[in-house]
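Novice: The primary structure of each chain is shown beneath.
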Amino acid sequence: MQIDLRKPELVMKLDRLGSFHQSKLSFLRSFIREFKSWEFTTEKFALDKQGFGHIVYVVNNGQKQYSLICFSNHIEDSERSDRVIATKWDASFVLFDGVPTEEDIERLNDNVPLQEQGRVSEKELCLSRANKSVRVFEHVVDKLSKGEQPNTKLLYDVGYLYRTTAVYGSGKFGLADRIKIQNREELKGPFRLEMMLVYLARQFTFDVVNHVAYSRSPNKAVKLKGDIARNLGIGNSTGLGMAPFIVNHPALLNQWIIAKEKALKAIRSISSVSQKDKDILQSYLSIIRENIKFWKTESDFQKKKNNQLLKDLSIFQKFYSSFPLNKFFWNSIYEWTEANTQSECCEFIISLMMEVYPDIVEPLSFEMSINEDEYFDIDTSRTIKEVCQLIEDQYTWLLDINFDDKENILNFWYYSKNKQEPRMSDRFTEEGSDLELPLAIARDVSALYDDLKSCNLEKDLGYYLLKNQEYRHILRRVLICEKLPYSEIQDNTTSKTLIPVDMIRLKLSFFGATRFDPRSDRWVRITMYQGAPLMREISKSDDTWSYKKIA
Amino acid sequence: MHSLYEIETTIKRSSRAEGLSWGVSEEAGKAVRLLEQSEFQGLESFRRLIDLGLNNLNKLLDVDQSNTRNLCPIHFGIFFLDQSHNKELHRTYNFKNINEPLLIVPFLSKSAKKNLLYFHLKSPDLNFTISPGGIYFINENFFPKNLTDFSLTISTNRKSKYTQSSWDYLYKLSLDTFVEETEEKKISGAGAGLTDND
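So the sequence lines, in the order shown, correspond to chains P and X.
Counted the way our numbering counts, the first sequence spans residues 2 to 552.
Counted the way our numbering counts, the second sequence spans residues -7 to 190.
The hints are simulated quantities; they were obtained by calculation from the structure and are not laboratory data.
You may find that some hints are simply not true.
[To be verified] If you want a taste of the chain X side facing chain P, the calculated C-beta under 8 Å gives, among others: (1) L(-4); (2) W14; (3) V16; (4) K22; (5) N47; (6) N50; (7) L53; (8) D74; (9) Q75; (10) K106; (11) D117; (12) F120; (13) S123; (14) G125.
[What the hints assert, rightly or not] Label-pair distances were calculated between CB atoms; the ranges are: (15) H112/X with S38/P: 28 to 36 Å; (16) D374/P with K114/X: 39 to 47 Å; (17) K79/X with N457/P: 13 to 21 Å; (18) D374/P with E80/X: 25 to 33 Å; (19) D117/X with S82/P: 51 to 59 Å; (20) G433/P with K79/X: 54 to 62 Å; (21) P116/X with I182/P: 40 to 48 Å.
The beta carbon of each residue, even a glycine, is placed where N, CA and C say it ideally should be.
Construct the complete structure from the given sequences, taking the supplied hints into account.
Specialist: Take a look at the structure:
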């Protein structure tokens, strides 16, 4: 039986992409797989009794070292904000290339807590900050200092002790450029450094509560139990700033999606499936249906999705239990799920199917990075006719959209002058659309197509561009999409009906986030590394930690 | 020092702010990034260009255009990047003057690699060749802020840069890696059939 990759016109719809779940391909899981043989140590512990000061963690394989320097500072409750407009944070982090000297730490102490307002150097690789979940932090410290363990219901309802609000890398604010580290073998996988930073920051959160509790009551205090700590992740609050990333990096997006699609295709193509394989999926399914109950959200949008997921999983369970192990079993499972459940459930089951076959899935994680510059140049020898055909084939979905209709061009994307972060506003009621970012892909491809059709179709793009440089950026995209078919979201990102949180969710699912909790249609709270091995036990990780029962 | 990422995005955005299209601004960002990475003063050169006013500069839109004074190096570079695949354009052109000629180097370099071309620029003040090999020793101190009465020759022909006697000497030396063939080896060594009568 010939199984094909799923078509981009099915996969690349935002409703589908916004239903993706963490999987074996998620970056934080592949990070642990690849780094579990490295040594993780606490190099320096310099916190005062209130938990302020710094800690340095080192990740070392005997030849190469990376260090996370964590700064813990006092801030007033009124200064604590998850929004990017904040200027102070409870903790700030910087990932250092090597092991920092005292001079390095002193320099970084002057700059890292300032985040965007400070400067770092090319010795540094990633930058981040986090705020305490105040009620959880205080509760945990209070209980531990009294010699008791905290209330796990409260803990697991929140899921973390601290929330990060941004993780910066690749040359921002003076950090090392990607080019400096791109040839390092251990960094070939996607977002390795960012994942390292977040993993070590999670360890910092445990070390701080244990330390503060001990300082309050040295004779009585106990440490947070490993079983409880393991079920805590690190939170993250993400707003619109992350959404344009997946539009601005079409080649990278393609690599992420195609890795997943290749995995699915390979699994659906397995002709003979054992009872053991079927049972593995069943065991994960049973656990995760319980864990979903800890996905707390106040968002009606997400509640509806979660409820639908639970309902669909229940239907799926009945089908799965009774469906016999016939030939191409997984293909039948996939086709049934696609036909009988919503995208949220279908993509969830795909993630579970991937768990059964580490040998198929895990090698694909090495294909999820790409040198984007290789796709930058426009082949100007191509004819106008060829490009028209490409648009008709690849962008069929937009050819019937009427861009004279206000609702189809309602939103425009721009950079906020204050924080240099992407934002989205109503084009017709708010100012600034003259400074619009080139993210109105559907509208611009449509305009390009109309313009090309009015030209001599036999002429080449070199000729066309002589007088039409305003279409250069969009022409580049069309040619990228020809080579990389999963590079383009097939929905109108300026439409009134756009749900930006879908764009954020897509990216976060590849990071490995869980417990999506949209706080509006423009920002979301999530948890990372919940259930992951603690630093001291990372070498024993077997990559099944995402499917351990939470409570 | 700023990272290459910061340089690229800042140039891209400032180009856009000065009225260039997003696509051209992206090219400008990459060009200045490449120059700075190669330790040329691309950013300073671009800044002087902005001071001149991008809108006041002349865009090259046709190799035969009559007015080639006050040319913009970004559009000049993009012109040859976009058009050089066309063999009809592989000849010599004369131009009156161009601002900040350093900024054309990344574009010609990219085009040279992509289309296997040689760009020979000649003027009373500056001569250089951009080749597909990508090794340049250009002294940026010799790059004037404005280049006058210059020609650009586009060619696919690589010029020989060595003497016949050097070639003969090295070729003779290379023969020392060969094994002298006996009559027997001529028969057995090639591996083909001994008769061709089939």
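Novice: Now tell me if each hint is right for this structure.
Specialist: Against the structure, the hints:
Given hint, L(-4)/X at the interface with chain P, holds; its Cβ is 5 Å from that chain's nearest Cβ, closer than 8 Å. Among the interface hints, the one on W14/X holds; its C-beta lies about 4 Å from the nearest C-beta in chain P, closer than the 8 Å criterion. With 8 Å as the threshold, the beta carbon of V16/X comes within range of chain P, its nearest partner Cβ sitting at about 5 Å, so the hint holds. Against a cut-off of 8 Å between C-beta atoms, the interface hint on K22/X holds, since the closest Cβ of chain P lies about 7 Å away.
For N47/X, the interface hint is violated, the least distance from its beta-carbon to any beta-carbon of chain P being 14 Å, above 8 Å. Because the closest C-beta pair between N50/X and chain P is about 14 Å apart, greater than 8 Å, the hint is violated. At about 5 Å, the closest approach between the beta carbon of L53/X and any beta carbon in chain P falls short of 8 Å, and the interface hint on this residue holds. Of the supplied interface hints, the one on D74/X holds, with its beta-carbon coming within about 4 Å of a beta-carbon of chain P, less than 8 Å.
Checking Q75/X against chain P by beta carbon gives a least distance of about 5 Å; that is within 8 Å, so the hint holds. At a threshold of 8 Å, the smallest CB-CB gap from K106/X to chain P is about 7 Å, leaving the interface hint in force. Proximity of D117/X to chain P is violated relative to the hint, the smallest CB-CB distance being about 29 Å (cut-off 8 Å). Because the smallest distance between the Cβ of F120/X and any Cβ of chain P comes to about 22 Å, over 8 Å, the interface hint for this residue is violated.
Using the Cβ-Cβ criterion of 8 Å, the hint placing S123/X at the interface with chain P is not satisfied: the shortest such distance is roughly 18 Å. Below 8 Å, beta-carbon pairs count as interface contacts, and G125/X has none with chain P, the closest being about 18 Å; its hint is therefore violated. Here the CB-CB span from H112/X to S38/P is close to 54 Å, at odds with the stated 28 to 36 Å. Distance hint for D374/P and K114/X: a CB-CB separation of about 31 Å, inconsistent with the stated range 39 to 47 Å.
The supplied range of 13 to 21 Å is met by K79/X and N457/P, whose beta-carbon atoms lie about 20 Å from each other. Between D374/P and E80/X the C-beta distance comes to about 29 Å, which sits within the given range of 25 to 33 Å. Our hint of 51 to 59 Å for D117/X and S82/P holds, since their Cβ atoms are close to 57 Å apart. Our hint of 54 to 62 Å for G433/P and K79/X is violated, since their Cβ atoms are close to 46 Å apart.
Judged by the Cβ atoms, the range 40 to 48 Å given for P116/X and I182/P holds: they are separated by roughly 45 Å.
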